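K.L.:
In case you want the letters, here they are:
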Amino acid sequence: MKSVTKIKLTTGALLFLGVTLFQAQPAQAKISKNSFVVTKQTIKTTNSKKQVKITIPKNTPLQVGGVKTIAGKKYVYTDVERLSYNLRKPLLSSKATSTISRWLPATKATFKQIEKPVYLDYYAAQSDGKRSLKKVKTETGNLWKGYIVPADYASQTNTRIRVTTDGYLEYYENSPYIFKVSPQPTTSVKVQSATHPTSSGKTILNFKTDVAQLPFVKLSQNHYQLTIQGTSYGNVTVIPNDEDVQKVLTSWVSRINKEDWFEINSVSNFK
Amino acid sequence: MITTKQIKKAGLALAVALFATISFTTATFASSQYLTSKSHNLFLETKQTIHTTNAYFKDIPITIPKGTVFNAGSIGKGVTTGKPYVNINMDNLRWPLRKVVDESKHNQQMTTYIWAKKSLFKIVKQPNYLAYTKTPDNYTQDPYVWEGNKALPSDQFLSKQNAFRVTDDGYLEYFTGITRYTDGDAKPADYAKLQKFVKKGNTSYFYTKTEVSGLPMTKISSTGKYRYRLKMTKTNHYLATVNHSKVQKYGSNTVISVRYNVGGKDFYVGSMTVYP
Numbered sequence: 001m002k003s004v005t006k007i008k009l010t011t012g013a014l015l016f017l018g019v020t021l022f023q024a025q026p027a028q029a030k031i032s033k034n035s036f037v038v039t040k041q042t043i044k045t046t047n048s049k050k051q052v053k054i055t056i057p058k059n060t061p062l063q064v065g066g067v068k069t070i071a072g073k074k075y076v077y078t079d080v081e082r083l084s085y086n087l088r089k090p091l092l093s094s095k096a097t098s099t100i101s102r103w104l105p106a107t108k109a110t111f112k113q114i115e116k117p118v119y120l121d122y123y124a125a126q127s128d129g130k131r132s133l134k135k136v137k138t139e140t141g142n143l144w145k146g147y148i149v150p151a152d153y154a155s156q157t158n159t160r161i162r163v164t165t166d167g168y169l170e171y172y173e174n175s176p177y178i179f180k181v182s183p184q185p186t187t188s189v190k191v192q193s194a195t196h197p198t199s200s201g202k203t204i205l206n207f208k209t210d211v212a213q214l215p216f217v218k219l220s221q222n223h224y225q226l227t228i229q230g231t232s233y234g235n236v237t238v239i240p241n242d243e244d245v246q247k248v249l250t251s252w253v254s255r256i257n258k259e260d261w262f263e264i265n266s267v268s269n270f271k
Numbered sequence: 001m002i003t004t005k006q007i008k009k010a011g012l013a014l015a016v017a018l019f020a021t022i023s024f025t026t027a028t029f030a031s032s033q034y035l036t037s038k039s040h041n042l043f044l045e046t047k048q049t050i051h052t053t054n055a056y057f058k059d060i061p062i063t064i065p066k067g068t069v070f071n072a073g074s075i076g077k078g079v080t081t082g083k084p085y086v087n088i089n090m091d092n093l094r095w096p097l098r099k100v101v102d103e104s105k106h107n108q109q110m111t112t113y114i115w116a117k118k119s120l121f122k123i124v125k126q127p128n129y130l131a132y133t134k135t136p137d138n139y140t141q142d143p144y145v146w147e148g149n150k151a152l153p154s155d156q157f158l159s160k161q162n163a164f165r166v167t168d169d170g171y172l173e174y175f176t177g178i179t180r181y182t183d184g185d186a187k188p189a190d191y192a193k194l195q196k197f198v199k200k201g202n203t204s205y206f207y208t209k210t211e212v213s214g215l216p217m218t219k220i221s222s223t224g225k226y227r228y229r230l231k232m233t234k235t236n237h238y239l240a241t242v243n244h245s246k247v248q249k250y251g252s253n254t255v256i257s258v259r260y261n262v263g264g265k266d267f268y269v270g271s272m273t274v275y276p
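Each protein sequence line maps, in turn, to chains A and B. Counting in the UniProt record's numbering, the first sequence runs from 1 upward without gaps. Counting in the UniProt record's numbering, the second sequence runs from 1 upward without gaps.
Calculated from the structure, these hints are not laboratory results. Keep in mind it's a predicted model, so treat the numbers as computed, not measured. Among these hints, one or two may not hold up.
Stated by the list, open to error - So the derived label-pair ranges between C-beta atoms look like this: (1) Gly73/B - Lys89/A: 56 to 64 angstroms; (2) Ser154/B - Glu259/A: 27 to 35 angstroms; (3) Lys249/B - Pro57/A: 37 to 45 angstroms; (4) Lys234/B - Asn241/A: 20 to 28 angstroms; (5) Ile123/B - Ser132/A: 26 to 34 angstroms; (6) Tyr275/B - Gly129/A: 16 to 24 angstroms; (7) Pro240/A - Glu211/B: 35 to 43 angstroms; (8) Lys249/B - Gly201/A: 13 to 21 angstroms; (9) Gln156/B - Asn269/A: 21 to 29 angstroms; (10) Lys108/A - Gln33/B: 53 to 61 angstroms; (11) Asn269/A - Lys193/B: 38 to 46 angstroms; (12) Val198/B - Gln51/A: 48 to 56 angstroms; (13) Lys134/B - Lys95/A: 47 to 55 angstroms; (14) Asp183/B - Gly201/A: 32 to 40 angstroms.
Every residue, glycine too, gets a C-beta built ideally from N, C-alpha and C.
Whole structure, please, built from the sequences with the hints as guidance.
P.N.:
This is the structure in C-alpha cells:
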C-alpha cells in the first residue's frame, strides 16, 4: 500500500511540474525487445565480444536491443551506440568490433521498466528492426539535413542530429552516412524535459543552453527550446538506380523550423 | 425419495443427451456430404457439369463443365443455414466460359452460391502452371505477365498494354490493349488450351497445340499435341518505378517489377510496392 502511494505521488509530481522525462511502468510489465528500462545500479560490463569495458551509470535509460531466457532467467542487451558520448567512448577503440553490450541479467535489482522517454517521440523507436517481407525498419533516431537520402549515400557525408536514449541532443556538423559508432559530436546538450502534445506531431525539447547551428527558440536566460515537427512525407531511394534495383531505402521527413530533416527508416534488400 | 446420486445421474444423462443433440446438429455439415478446408487459396475441380447463374441478378445461365479447375478462395458459410458454399469467379476461367457473363448487361462475374458438396467438387492442389502467380505469403497475386520494361508510373496506369496469363482452368491467353486495372473480363486477342506445362528452376515451358498469336512462341512440331512452346524465365533483375506525391520532392511509393524473359522479349511482373 505504502509503495503504491509513493509511485502515484512521483508520477503526479512530475505531471504537475510539466516535466515528463520518463514514467514508471506497473510492476507486472514485461521487458521485451525495443522496450525501455532504466538502470537501478551502475553496470560494469563489456561489449558483446568482450573487447572493451563499458560502464553504464545508475539512472541511465536504455532501450532493450534483444531478450533471451535461459533456465528461467531473463537476459537483455543494449546497443551502446545509442548512448551519449561519455558512455560509448570505449567503442571508438579500434579493438571494438561490436557496439552492443554483453547479455545482462534482467533482474529487479538491475533494471526498472519505464515508458519510452518523450524526447524520443520524434521517431518510431519501438519499430526498429521490424520486418515485413523484404522491408526492415531501421529506426535509429538519426536525422539528416534534407528530404531524401542520395543513391550514392555510402560515399557521402551530411549534417546529422539525434537524441540519444539517455537524453542528449547530439549535433554532427559533418557525418558520413555509414559509420560503425558515432564519434564525439560537434556539440552535445542535455535534454532537461520534453513534451509531445497529443495530435500535434511535435516533439518539444527543452534545454538550458542551445546549439548555435540549430534553430533553437530562446524562452528565457536558461531556457532554450527545439521543436521537431513530424510530417506525413517521405521518400524512396532506389540503389543503385531504377533500372537495376539492389536495395531500396525509405526516408521519413521531419521539420525543424520549417526545414526538412529526414530519417532513413527502412531498407529493403533485393539482391 | 430421490437421492443425490439419482439427481446426479439424471443430470449427467441430460447433459449427454443435450451434447448429443448439439453435436448432431453441427455434425450435419462436418459430415461426409460437404467439403471442409481452412485454406484461403483453395483449388477445386468440378466432378460433374454445374449449372448455375450469376450472383444477385441471376439472369444469366452459366454452365461449368466437368473437370474444370478453379480457385475457390475460401469456403464460406451460409448466414441462415450455416452450410458451406463457394462462389466461382468466372473471370479466372477461359474465355468460352466467361464470355456469357462478360458480354451480359450486368457484367457480374461471380456465380451465385453453390453448396460445397463433395458430389460436386473435389479439392486439388494449385496447378503447377499457376505457380508463377504465388506470393511469398501464399496469397495469389495478379496472374498477368506484362509486356515491357517495368511498371508504368501511376499517372499512366490507365495506359493500354499487352499481357498474357494462364487461367485457373489451364488456358494461355494473350491480351492487347488492357490496363493494369483489368479484373479479367477482357476478351483475349488469342488463346489456346495448355497441353503441357514444365518447370525447371526459374524457367517455365507452356505447350499448346495451336499458336497463340502475338506471343513469342517457338514451333517445335507439326504433329501431335505439343506443337508450340512458350519459354518464360524469371530473372533476378529488379526494376523500380518511383511515383511522386503531389509535392514533387516527396515520393509516395516505389513499385518494384521483376523482369521475366519471355521468348527472348522483356516482360515484367509486379513484385512489391515500397512506401516511405
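K.L.:
Check each numbered hint from earlier against the structure, then list the numbers of those it violates in ascending order.
P.N.:
Nothing - there is no hint that the structure violates, so all of them hold.
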